Amino acid sequence: MILYAASLEPAERTNWELFVPLLLGIMSILYLLPRPSGRSLRLGSLLGVLAVGAFGYLLVAGMGGLLEPNPETVLFTAFSLLAITFAAMMITQINPAHSAICFAVVVLSVCGLFLLNAAPFLMAATVIIYGGAIIVTFLFVIMLSQQYSQSDANNRSREPFGSAAVGFILLGTLLVGVQRVHTHTSIDTLVADLNAIAASEDYAEVAKIAGVRGKDVDSRLVVRLRDASKHLGLPATPDKTRLVPAYFEEVTTFQERELSLKTDLLDNKPTLLKEIRDDARELASTLATLKAMKQSGEPAVRVTLSEHSVAKPVPDRDRSPYPPRQLPAANVSALGRSLFTDHLLAVELAGTLLLVATIGAILIAGRRERGTVS
Amino acid sequence: MTTVGLPHYLAVGAALFCIGAIGFLSRRNLILMFLSAEMMLQGVALNMVAFSRHYGNMHGQIFTMFLIAVAACEAGIALALIISLYRRSRSLDISVWQDLREPDTAPMTDLEPLPKPEPEEDMPRLPVAGREPAHEETYYA
Amino acid sequence: MPEPSVLLWYIPGLPLLGAIVCLLFGKYLGRCAALPVILGAVLSFAASVSTAIEVQTRGVAPPVAISAGGPGAGAAPIDRKGRVTTEDRGPTVVVGGSGTLTWIDLGDFQVPLVLSADPLTCIMLIVITFIGTWIFVFAVGYMDHHGHLDPGYIRFFALVGLFLTAMTLLVLADNFILMFAGWEGVGVCSYLLVGYWYYKPAAAAAARKAFLVTRLGDVGLILGIMLLWSATDYSLTFDAVFDRAQALATTRPGLLTASLLLILCGCFGKSAQFPLYVWLPDAMEGPTPVSALIHAATMVTAGVYLIARCIPIFALVPEVQIFITLTGGVTALIAAFIALTQTDLKRVLAYSTVSQLGYMFMALGTAGAISPTFAVTAAVFHLFTHAFFKAVLFLSAGSVMHSMGDVIDMRRFSGLRKVLPITHLTFLAGSLALAGLPLLSGFWSKDMILEALLKSGEDAPKFAKLYWFVFGVAILTAGMTAFYTFRAYFRTFWGPKRLPEEAGDHPHESPLVMTLPLLVLGAGALVAGAVAEPITGFFGHFLEKSTVLQAAEARSKLPAIDHALNWSLAIGSSLVALAGVLLAAFMYASGARNAPLADGAVPKARGRFYYLSLNKLYVDEMFTVLFVKPLTGLAWAARAAENLVYDLVRLVSFVPKFVGSVLAPMQNGLVQFYALSMMVGVVALVSYLVLFASR
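So the protein lines, in turn, are chains A, B and C. Going by the numbering used here, the first sequence opens with residue 1, and the numbers climb by one from there. Going by the numbering used here, the second sequence opens with residue 375, and the numbers climb by one from there. Going by the numbering used here, the third sequence opens with residue 516, and the numbers climb by one from there.
The set of hints was computed from the structure by calculation and includes no laboratory data. Incorrect hints may have been included.
[Claimed, not checked] Which chain B residues face chain A? A few, computed with CB under 7 Å, are given here:
1. V418
2. A446
3. Q472
[Unchecked claim] Taking CB as the label site, the calculated pair distances span:
4. L46/A with F1207/C: 42 to 48 Å
5. F1207/C with G53/A: 38 to 44 Å
6. A503/B with I128/A: 54 to 60 Å
7. L46/A with A503/B: 52 to 58 Å
8. L41/A with F1169/C: 49 to 55 Å
9. K230/A with F1169/C: 57 to 63 Å
10. D227/A with F1207/C: 20 to 26 Å
11. R242/A with H433/B: 26 to 32 Å
12. T358/A with H433/B: 26 to 32 Å
13. R367/A with A503/B: 47 to 53 Å
14. W16/A with F1207/C: 54 to 60 Å
15. F1207/C with E205/A: 26 to 32 Å
16. P477/B with K230/A: 56 to 62 Å
17. L727/C with P477/B: 50 to 56 Å
Here the structure is a predicted model, which means the values were calculated and not measured. Think of the CB as a built atom: it goes at the ideal place given N, C-alpha and C, for glycine as much as any other residue.
Excised from the complex, chain A in its bound form:
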């Protein structure tokens, strides 16, 4: 994704919804990281709350479009902001036990997000293993390792500025990359741009939106159309016999219009404005329809189900690498099937790893006699 993002155009306007949460976040972390000379808890918490709020805004509105107010959005936002808040609290607590508790809350929030992503088994597994085993083990170790001498290592931070700067720069970079990729591959923004072209009267503006680059190079709009068709999984040569008629019609229209727009933009003549606008209008509506078809999950291919088929119709992966967003409801069985067929070797190795780790942990932490070298 990094390389893909690197190959995309930078955004044209400053990305405030990205910078504000980052700035607020770094300031709050710096205020909250423990220092022996005391930290300003109130200011840091205030800034932290503001940062989390700004990040929520980024999630809701800044990643390529406003989210619909449906329960998924609400749950997602809640879980995410909870996770991030408690993550920040975890790294800034003085008492390690408090940190462990905050970590537990982070784990629970992430499990909620797992559930939203149709991974119930993982949710359960994570809660059990992390919250049940790992955190408890941590708490046991904290209990066993009481500090004897007076030390306020817990009150000090090693290189707060360095680590905060590095972390937030990395976060900013990743978010910018995600944004760019999403903006490029998002069908919605493409549809919006096509609508803008269809509505504009000025050839110069059209050329700017389309990103016309030269006589022999495809304009950016055409590249995006190509990527969009790839993401939508449109077949290169639609087969009328195999595809659903409505789908087939949409696909052919799309491809015709795409070719015409491509040649028009290559010629780069202002006289072709009307043709370009027509093409853009058609393409916008086609794309929106295709996207809706994808989202609805209707199969694009005519499938005949046999009576004994076990699974729901699974779209042909070769034809449509951008399948409808549907994971099987029988999550555990799908996991098991995939795990023990595709990833059998990895399973065995993971088992061996667990065994070795167990033995290793016992050996390292086991009782030593006095005077032996560890």
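Fit chains B and C to the given chain A structure using the hints.
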């Protein structure tokens, strides 16, 4: 109007990862460092699961399972090591362990001194009950 | 009687053997460690005498040179490459042979190991070995400091034996390079002997100065020899070179002049002419026998010998000859001027040596203008007599020093004629000879030189007026010579008896081992000259048989000089000398000026010249400014450049160390610091890719 999609989950995963990185680099308690590392793994796991949903196959979730397994192993070994280190230095401060430095460099010490412990309040001491306390003889005229 | 061919090898060989025996077995012999060397010198003298007799007997008709080649020497003459040919070489019959040893055999550069003795060589040999023997005897007593020997006794005698070897080799050599070997040998021995008491910084510095200044000359000498070698069809033997150089005078006169001037450099250095005389007064730091032997009688005469040997070619170029004469005149005058005010007795004698050497050069320079035989005879005769009286003067000074506890500053003693009667007599003899009082040896030789100068002033085809001018200078110098010599004599031996503290309880005359040589040499100083020349005419007749003189005579076509005495000249020079003596007597005999620091009371009217003389005309200071300081500066610059190179090399080694020390604190053992560095690297890479590297 869009629905919650891959980029949103990726953003959250990135945020968790980076916050974990900050915690790992800045806190000096071994336990806290490790917890932050676990949080980084959580962020990655979230990313994996989001990709799994985005592509509609199970590979991401399987990867996440292995990730959990590895995290468990790592937790076990790391805690065993922490206990060993604690036994040798009686402290969970990672700054105690600096012996792998260049021989000529001085060890890093804390610049700010420890805060002075608050002096204990002098509580009044009561004598043992039933005994007369020592006092001067005064004659009352 | 052994074959003549082998006898010649004894002359340098026996002192060398004596020196080696002394070195090896000296510590067992105690005081007798000197015996092998003295024996060697005596036997060498005997060999020299027999060689001279041989030369004399053979040379009744055509002159002859005796050559000592290697073993099995045959009878054929030798060609330019040292190999035997049948070419008839004229009047010279070489009694050498085929199969001579070759020292260096490098194609065109052939140095055969051949010694030859002609009359010139024989005279030099007799002087060297005779005076050398007596000086060795004197040194036995001199190096004995009232009972215990000087710690370097063995070293001293070994060195003087070695010196004798080198000097005899120098005069016996048949070719330039072998002579140069002897030349360098005497230079080295002089260095080692002047710096004999090496722990004295003044002595070490004086030795270094002597060596380096003569070195300057030696560079010119070797260049001149090589120039002649290349110009005369690659021949190195004297005879061959002189034969072929005859043609050069007409075909390549510039080359000939250049090579002669270069050879002159060497002679000026070794024989202490201006400006390369500055080493000789400082060389008085060495023991007095060394001064007597080396710096009076033998080594400093090597230059005179070389010019005499090369007179056939020198006589061809009148410009070079007048240059020699002028230099000799200047030297004589300057040295006499400086000697007028010196307070150190040995220094006075040293400047006197320089002055007399100037006389010899003045004589040699007239060879082209008048008959070369007469010129060379005058120079060599003066060399002969000068050796005697200067040696006796130095040895007397040594005797004075020995008695006065190594004090030689004339201001600190006076009236010693009662204390040291024999020394007084011998010193007087030497002084009279040096001053040139009539009938004594110095008179005859100096007179001959003056006559040569006078004749060239009249007869010289070129530069006659210059020769006349130099004649005037010579007369003036004669007067100054008499004055300063007797100034020294009167100050030391007349006046109230004053002894320095170092003299001990009661100083006495030196022992026999020291006074015997004094007496012998003193007698020689008085009569040797008279006997040799005017009475018997033996000297001149003997010398004129020398091959080189014959050769020069054959080419110069100048009229021979009759040997009749020039009465007016003789009387004139005698009067001048007497005047000098009387003036000195008047000023110093009473001892009135001999009070301590009396010189401070010298009439102030002569102030400027007096101090100019006392400060040796500042020649040493000029040398320092002209040569020593620039060389020191160059050495300093070289040292600085070397340090710069060292610093550059160290910089190369410093840079990685520095970079390492800058980077080393990065390894501080803190895990989180390392993790942060890794993160910074990753973040830098990722952010560059995502944010900045766009298509």
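In rising order, the numbers of the hints this structure does not comply with: Those not satisfied are hints 1, 3, 4, 5 and 14.
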